[in-house]
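K.L.:
Model the full structure from these sequences, guided by the hints.
Here the sequence shown is numbered in this note's numbering, starting from 430 and rising by one per residue.
Careful: at least some of the hints might be erroneous.
Have a look at the derived ranges for each label pair, beta carbon to beta carbon [stated by the list, open to error]:
{"id": "1", "residue 1": "L551", "residue 2": "R584", "range": "47 to 55 angstroms"}
{"id": "2", "residue 1": "L543", "residue 2": "R579", "range": "28 to 36 angstroms"}
{"id": "3", "residue 1": "E505", "residue 2": "N463", "range": "17 to 25 angstroms"}
{"id": "4", "residue 1": "N431", "residue 2": "Q495", "range": "36 to 44 angstroms"}
{"id": "5", "residue 1": "L677", "residue 2": "E578", "range": "26 to 34 angstroms"}
{"id": "6", "residue 1": "A499", "residue 2": "T728", "range": "28 to 36 angstroms"}
{"id": "7", "residue 1": "S606", "residue 2": "I670", "range": "50 to 58 angstroms"}
{"id": "8", "residue 1": "T751", "residue 2": "D440", "range": "20 to 28 angstroms"}
In short, the hints are calculated from the structure, not lab data.
Even for Gly, the Cβ is constructed at its ideal location relative to N, Cα and C.
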Amino acid sequence: MNSKILIVDDDPLGIDTLKSILDKQGYSITSANNGAAALKKADEVLPDLILLDIMMPGMDGFEVCQRIRATPKLAEVPIIILTALDDRSSRLLGIESGADDFLSKPVDREELRLRVNTIIRLDRYRTLLTQREDLRQMAERVVTAQEEERKRLSRELHDDLGQALIAHALNLRNLQSELPMQPDLLAARLNTLIADTNQTINKMRLLAHDIRPTLLDTLGLRSALETYSRDFSLRTGLPIIFEADLKLPEMSDVYSITLYRILQETLTNVIKHSKAKNVWVELTVEEHNIVLTVQDNGTGFSTEEDTSKKGIGIKGLKERLTLVGGELVIRSSAAKGTIISAHLPLEESYRLKEKI
Numbered sequence: 430m431n432s433k434i435l436i437v438d439d440d441p442l443g444i445d446t447l448k449s450i451l452d453k454q455g456y457s458i459t460s461a462n463n464g465a466a467a468l469k470k471a472d473e474v475l476p477d478l479i480l481l482d483i484m485m486p487g488m489d490g491f492e493v494c495q496r497i498r499a500t501p502k503l504a505e506v507p508i509i510i511l512t513a514l515d516d517r518s519s520r521l522l523g524i525e526s527g528a529d530d531f532l533s534k535p536v537d538r539e540e541l542r543l544r545v546n547t548i549i550r551l552d553r554y555r556t557l558l559t560q561r562e563d564l565r566q567m568a569e570r571v572v573t574a575q576e577e578e579r580k581r582l583s584r585e586l587h588d589d590l591g592q593a594l595i596a597h598a599l600n601l602r603n604l605q606s607e608l609p610m611q612p613d614l615l616a617a618r619l620n621t622l623i624a625d626t627n628q629t630i631n632k633m634r635l636l637a638h639d640i641r642p643t644l645l646d647t648l649g650l651r652s653a654l655e656t657y658s659r660d661f662s663l664r665t666g667l668p669i670i671f672e673a674d675l676k677l678p679e680m681s682d683v684y685s686i687t688l689y690r691i692l693q694e695t696l697t698n699v700i701k702h703s704k705a706k707n708v709w710v711e712l713t714v715e716e717h718n719i720v721l722t723v724q725d726n727g728t729g730f731s732t733e734e735d736t737s738k739k740g741i742g743i744k745g746l747k748e749r750l751t752l753v754g755g756e757l758v759i760r761s762s763a764a765k766g767t768i769i770s771a772h773l774p775l776e777e778s779y780r781l782k783e784k785i
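P.N.:
And the structure:
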C-alpha cells in the first residue's frame with residue numbers, strides 16, 4: 430500500500446512543484462489550499478505525512494499544526510513545515526506547534542525526497558514497534574485470562590464437585606455401616622443420596638458446558654445462544670428476550686465459539702454490574718457482518734471508565750474480537766442502559782472455515 434502524503438499550500442504552483450518531485454516515488458498525494466481544507470482532508474485521508482506551508486491567509490501553518498496535534502487520530506502524523514522564514518523564532522514556534530522537521534523554500538528537490546523517504550520509513554518503523562507492543566500486551570492479557578479461567582475451573586472442581594463427591598462417599602459408608610435398617614428409612618436415605626448425586630451431575634454438566642458448549646456442535650450457533658440465554662434467565666431470574674434471523678449463514682467454528690463467549694461474558698457483566706431489569710439479545714446479519722447485540726436497561730457506564738474489574742472487561746471483549754478480525758461497538762450512558770454489539774465480517778469467517 431502506497432504511503433499517503435498531504436500537501437498544504439495556498440499557492441497552486443507550490444503544490445504542483447512538490448507533486449512533480451514526489452510523484453515518481455510512488456506516493457499517493459492529495460492537497461489542500463488553506464488551513465480549514467487541510468484539517469478536513471487530513472481527517473478524511475489519514476495521511477502518513479503532511480507537508481505544510483506556513484504563510485497562508487486565515488489559518489496559518491502554525492495553527493494548522495497545533496490543531497492536528499490536538500486531534501487524537503492525527504496526533505502522531507509526521508509534519509514537515511515548508512517555510513521561507515529562516516529566523517530562529519519561527520523555527521521555535523514550529524517546534525512548539527508540533528512540527529517534526531523543516532524545509533526552507535524554495536525546496537531542494539533531492540533534499541525533499543530524502544527527508545520524506547526517511548521520515549516515512551521511521552514512522553513505519555515506529556508504527557511497527559507500537560503494533561508489536563500492542564500484540565505483546567494483548568497476548569499477555571489473553572494468557573492471563575486463560576490462567577484465571579483455569580484457576581476458576583480448578584476451584585469449582587475442588588471446592589464444589591470434589592467436596593460433593595467426598596460427601597457422597599461418606600454418606601455411602603455411613604449407610605453401609607448402618608445396614609441392615611428399616612426399609613422405609615433405607616428408601617429415604619437412598620432417595621437423598623440419589624438427589625444429591627443428580628445435583629452433582631448437573632453441576633458437572635454445567636461446568637463441562639462452560640468449557641465447551643456441546644450445543645454448538647449439535648444444534649448450531651442460533652440454538653446454542655438461545656438455549657444459553659434461556660438457561661441464564663432461569664438461573665438468575667433476569668428476563669431475557671432472544672431474537673435471531675431465521676436464516677443465518679454457515680460460519681467457522683472460531684466465530685461460533687467467539688460469539689458464544691461474548692454472550693456469556695456480557696450477560697455475566699450485566700447481572701454483576703448493570704442492575705438491569707430486562708435484557709434483549711439479537712443475532713442478525715447486517716450487510717457483510719454477523720452481529721450479536723446485547724442490550725440492557727440498567728445503570729449504564731462511561732465507555733472511558735476502567736472496566737478491568739468487570740469480568741474480562743470491555744478491553745478483553747474487544748481483544749477477543751480483534752483476534753478474529755471483528756469489532757466491538759459500545760453505546761452506554763448513565764441510567765439509560767448499555768448496548769454492546771459484536772461485529773464479525775462474514776468473509777473472514779469463510780476464510781477461517783476453509784483453513785480448518
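K.L.:
Is the gap between the beta carbons of T751 and D440 within 20 to 28 angstroms?
P.N.:
44 angstroms, violated
K.L.:
Look at the Cβ atoms of L543 and R579 and judge whether their distance stays inside 28 to 36 angstroms.
P.N.:
Since the Cβ atoms of L543 and R579 sit about 54 angstroms apart, the hinted range of 28 to 36 angstroms is violated.
K.L.:
Between L677 and E578, does the beta-carbon spacing fit 26 to 34 angstroms?
P.N.:
28 angstroms, holds
K.L.:
Per the hint of 28 to 36 angstroms, is the separation of the Cβ atoms of A499 and T728 within bounds?
P.N.:
The hinted range 28 to 36 angstroms holds for A499 and T728, with Cβ atoms some 32 angstroms apart.
K.L.:
Do the beta carbons of L551 and R584 sit within 47 to 55 angstroms of each other?
P.N.:
Between L551 and R584, where Cβ atoms are some 49 angstroms apart, the hint holds.
K.L.:
Does the Cβ pair N431, Q495 satisfy 36 to 44 angstroms?
P.N.:
28 angstroms, violated
K.L.:
When you take the CB atoms of S606 and I670, is the distance between them in 50 to 58 angstroms?
P.N.:
With Cβ atoms ~53 angstroms apart, the hint holds.
K.L.:
CB of E505 to CB of N463, is that within 17 to 25 angstroms?
P.N.:
24 angstroms Cβ-Cβ, so the 17 to 25 angstroms window holds.
Violation of the numbered hints given earlier is confined to hints 2, 4, 8; the remaining hints are satisfied by the structure.
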